[in-house]
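**Student:** Here the protein sequences line up with chains A and B, keeping their order.
The letter at position 3 of the first sequence is residue 3 when you use my numbering, and the numbering goes up by one with no holes.
The letter at position 355 of the second sequence is residue 355 when you use my numbering, and the numbering goes up by one with no holes.
These are calculated hints, taken from the structure and not from any lab test.
Bear in mind the structure is a predicted one, so any value in this text is a computation, not a measurement.
Treat the hints with care, since some could be wrong.
Claimed, not checked - Estimated spans, in silico, between C-beta atoms of each pair:
no.: 1; chain 1: A; residue 1: R56; chain 2: B; residue 2: K105; range: 27 to 35 Å
no.: 2; chain 1: A; residue 1: E89; chain 2: B; residue 2: P235; range: 36 to 44 Å
no.: 3; chain 1: B; residue 1: K233; chain 2: A; residue 2: D72; range: 31 to 39 Å
Said to hold, decoys possible - In silico negatives: residues of chain A with every beta carbon more than 10 Å from chain B:
no.: 4; residue: K44
no.: 5; residue: L54
no.: 6; residue: V55
no.: 7; residue: R56
no.: 8; residue: K57
no.: 9; residue: K59
no.: 10; residue: S86
no.: 11; residue: K88
no.: 12; residue: E113
no.: 13; residue: Q118
no.: 14; residue: H121
no.: 15; residue: E155
no.: 16; residue: K168
no.: 17; residue: T176
no.: 18; residue: F179
For every residue, glycine included, the Cβ atom is placed at its ideal position computed from N, Cα and C.
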Amino acid sequence: MSCVSHVSLSLHSKRGFDVRSFGTGTHVKLPGPAPDKPNIYDFKTTYEQMYNDLVRKDKELYTQNGILHMLDRNKRIKTRPERFQSCKEQFDLVITCEERVYDQVLEDLNSREQESLQPVHVINVDIQDNHEEATLGAFLICELCQCIQHTDDMENEMDELLQEFEEKSQRPFLHTVCFY
Amino acid sequence: MSIVSLICIHSQTSDVLFLDFIVMASDVREQAHGSVASQLHSSEEDRAFDMTTSEKVVELLNQAALISTEEKLIVLKQVQELIINKDPSLLDNFLDEIIAFQTDKSIEVRKFVIGFIEEACKRDCELLLRLIANLNMLMRDESVNVVKKAILTLSQLYKVALQVSFSVSDMQEACWDMVTQLKEDVLALLDSDNDGVRTYAIKFTESLIITLSPRTPDSDTPKKQEGDISLDKIPKDHTYIRYDTLCDEGKLALEQLLKFMVHPAISSINLTAALGSLATLARQRPMFMSEVVQAYETLHANLPPTLAKSQVSSVRKNLKLHLVSVLKHPSSVDFQGQISTLLLDLGMSQSEISRCTPATVQPRQEDQDGNNAFFVLAEATLVEDDDDKEEPAPVVTPKPSSSSGTQSSIDLTAEFLLPLLNPENVANLVLISMVYLPEVMPASFQATYTPVESAGTDAQIKHLARLMATQMTAAGLGPGLELCKARDEEVKEEDGGMGESSSKDPLIIRKLSAVSLGQAISVVGAQQAAYKSPVTEEAPQIKKLPEPILPTTQPKAPGASGRKKVFKLADVVQPFSEAQIEKLANMAIKRILQSEKAIAQSGMSHVRVKLLARLVTQFEGGKKNDLLQFILEDMRGRSELAFSLLFHEYNEYLGQQPSGSLDSYEHCLFTLLSGLQEKPEQRDGLFTKLVLEAPVITDSALEVIQRYCEDESRVYLGMSTLKELILKRPSRQYQYLNVLLNLSSHEKEKVRSTALSFIKRMYEKEHLKDCIEKFALTYMQFLVHPNPPSLLFGAGEDTEVAASWTEETVRQCLYLYLSLLPVNHCLVHELAAVYTEAIADIKRSVLRVIEQPIRGMGMSSPDLLLLVENCPKGAETLVTRCLHILTDKVPPSPELVERVRDLYHKRVPDVRFLIPVINGLEKNEVIQALPKLIKLNPIVVKEVFNRLLGTQHSEGSPSMSPLTPGELLIALHNIDSSKCDMKSIIKATNLCFGEKNVYTSEVLAVVMQQLMEQTPLPILLMRTVIQSLTMYPRLAGFVMNILARLIHKQVWKYPKVWEGFVKCCQRTKPQSYNVLLQLPPPQLASVFERCPEMREPLLQHVHAFTPHQQAHIPASVMAVLEANSRKPEPEPQPELHHPEIIEEREVCCDEAEVATDLFFCFVMYIRV
């Protein structure tokens, strides 16, 4: 069942979101020595393996840009990254950060055979690919999730909530509902 | 609640942050979750081994009654697992215990119970008989979340109930009735206040329709639902379940869904859900394809106005996605045209669409000529129209027709409309509906409007017809609807009493025709009425249509409407007064003016522009100014209007030929141009465009152009425009050129220089050349006048004013000429002619300004050479100046030298001519000219020496000099004193000594050597020797040698040199003692006479010799040395000295004097 709980970035809350992160591409890409030279792994690679690979390649660079730190934390949570399309679990809410990903999710969800008719809301918040935007975006999404879980009746209030956020953040949200 | 965040990993920054965020959230979750779960598990497993399943369930249920909600859920789930999956035989036993939790205060627990009911019924469908009442209860729960879960479960269980109803014989009818009741309740929830509940109801409706319609071979059924029941599996002879009833219920549900979808205030999520449901329906039940596609069409044309912009994007994205999925279904074949038109509108490319189309030939849309714009507009307008509607306009769903041959009412109406949509009718439609466009563009329209690519093609006209048909049908109009209604009636009659759905249609129509005959529809209606004559067979039906409510603004209305006999217009109205007419006209125009934005949104601005231009041209005065003022407020945005007005004015003028006046046109052009000219910061080239496109440039307009050019910030743009005019309007090009030429002597530097560069470029054009040249020469000719013409001071008249020439005015007359000169060299002769006649002040100015152009011409210019050759009388200074400019940086060419030499020898024997070319002359020529040259002004002499010695410029090549420095100094010594005074020669040699870098000790040594070998000895020889010694003391040894050699040359025979010799010896003692001892006794005695104080030291010098050395001194010499008896006082000088020599002596003897002399040279050097 769902775990309606409170989270904030300050970690003061007692309970967190039940959150899972996924990729939608065919590979996992991590930043490389140059923008056009990313490190590419398939979804079978564990975080451990990625970690070791990057340590071997350039320990200093990947320590400095935080990738190693990130992988270190990730591997304590789960062994390897997951691909959304391969995950058969049912969720209540999917948040994407890029329209392309949103489209991929929609396509995947719509191509699945309907069974339980359990709705899943998909929201896209476009976040541009730079440090500042990403920070803002992270806070924005976090705040959005907080607000959503504060609602008694998510589906009834979602529309209004998103409108509010749109206005506040001055960026358009895409929002749709799919069914499992 | 599970939340998934999808992060697309694409770069460093975002990844790191995002993953961090997600990770943090996950951490928290893990901590929170793990503890409870692990605790329970451990306590559980301890006992699990030694218990039967039944005991375990009892244990767990007991536990569940006491613990908190969260733990309770976990326990209950375990129970569910045990009795449903592990040991279903227990299900019956514990059913009541579990169901008892449906009154639990926790929402989650109640939701669990619903889930349990679902699982239980799926496991053993007969349980439904017992559980349906519980579900019914939960369906009425106070929490929406429980209700939603119940709806979800009912979606699943409805199928089970149907299955049970005819497979189990003793199934109670009451149970089915309850299920039916529940179904009705859920369908009613489509109108719930809660958005989420409505979403669930939509999904329920979807699955209900699937179940209550027959599966056909082309159905696209998900694998897991293969076994699901559907209408085709229902026996037709059941006791209480009637096939027909179910079939109708299914259709009704579809109808409700479709009706729900066109609700104007539908939420975006509901709409999204409904769109998805329709796609599922179309794929799983292709018989509904037609309704689904129609619904999509209607929706696309009528996006709810309540949607926000981003919601519109979301909905359109969904619509696209679902259309594609429908298109991929093979049964979409008949609808491919409609679907791909929709997809095109949604921004999908033709190639993408083709890729999604199952293999059938897609008719390619062909372009047709002309009138496209009307169709585009018509479509846009139609789409727009519906935003005005206040009433829901449900699509009247035709009878779901499994036999594809029957056409829907939309199809019929579209067919009826298609032949009527000729360009003229469409244009009229558009014009009339303009009136009803809203002030502000609704967000949905803005988002959905895409330029219609296929405008005017058959396919697009068909699409347009369908759009209109959709609207008309929605409004309850159109022949198609009539036909369908008639058909339904028939069916109804055949059916007997069971016509529940068909009876709905007239109801809806009634409601709509009364209320929502909106404005736009009335236009369509009116049009339709107007075109009824050609379509004879439809005529009777059209007559039955409700009379449209015509808006009063329609011009035809008063005349066309009836009541002829009692009403006479003339009786009740009076003509307006002039003032009233004027006022009304003004107001009308003002309204058209102000409607700018609204009309622009409708895409009809060009009509408005035309209208305004045509109207205003016909009026006098005020309105024109108003319009012009209006245009100038936003010239950029209203340029269309400006041009249109201008052309209309010109047209008006042409229409009145031959007596027409250009005044009105001129005023219009002038106002527009002035407006632009006075406005700051216009960078968009509107001014240029206006000038170049104006049919005629009037004089006043030309003045504005000139003012524009005089504005320093826009001078380039202005002159480019002027240039274009000159080149492209040949009929008056000289007039335009004159403007530009006048600007070439403008007092602002930037204006002037830009004009000059433009003129220079135009000077290359043969037909403009003469005109430009003439202008330049005319201006230059002003210089011969005693006073500058008033023209130069901006006044137009060609009268002379009392002002005198200044540097500035002189330059003004020459700018253009001088910039042409490097391009056309033969103009230089004109300058010479003017120069000779000009006054001295002007001459000076001219000499100052010609440097640049003359240098540009270069010394190889034949015209310049000719000028030198001819050198008109009075122009000598000009020619000299030219020569200096030419040779300032580069050595003279042989041709130039030849011309100058000629001039010098044959016509003007002024040696100054030679100076610029001196390095091009022969050695002997220079030596010949030297006496004359060194007599010139000291500064000039210095210049000559600089040229000769190559000390003039660092980059100059000294090797070019015909004389080496040594030769020059020797030549100076050899100047005949009859040709030049000694003083000038001495000054000249001093100049040489001043150049210490050139006259090194080596050079001087060679000079001394050569001078010493000459016979007779040059007068200045010893002066030079002493000078050299002063400069280079280390030459002393060499000088001793010289002195010794001079003794051999009997130096005492040259009195002036001898005198110098003695001075030199005096200055160089004691080295000179040995030289003195070589003198013959009489000459030694002569030395002592001149300097008696030398005798004693010399004698002591001799005494210091070794005896052997002393033996070499002749006795006669010793005698002179020891001649003590001689009187100390010297005899008076026997000879008279030349004054020069006296001076020389002073110079030579007095060291201070030498220093000042050197200093003088130094100062000269610095000064030059």
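**Student:** Does each hint fit the structure? Answer for all of them.
**Tutor:** Against the structure, the hints:
no.	hint	in the structure
1	A/R56 x B/K105: 27 to 35 Å	violated, 57 Å
2	A/E89 x B/P235: 36 to 44 Å	holds, 40 Å
3	B/K233 x A/D72: 31 to 39 Å	violated, 58 Å
4	K44	holds, 16 Å
5	L54	holds, 13 Å
6	V55	holds, 17 Å
7	R56	holds, 19 Å
8	K57	holds, 15 Å
9	K59	holds, 16 Å
10	S86	holds, 13 Å
11	K88	holds, 13 Å
12	E113	violated, 4 Å
13	Q118	violated, 7 Å
14	H121	violated, 8 Å
15	E155	violated, 3 Å
16	K168	holds, 13 Å
17	T176	violated, 5 Å
18	F179	violated, 6 Å
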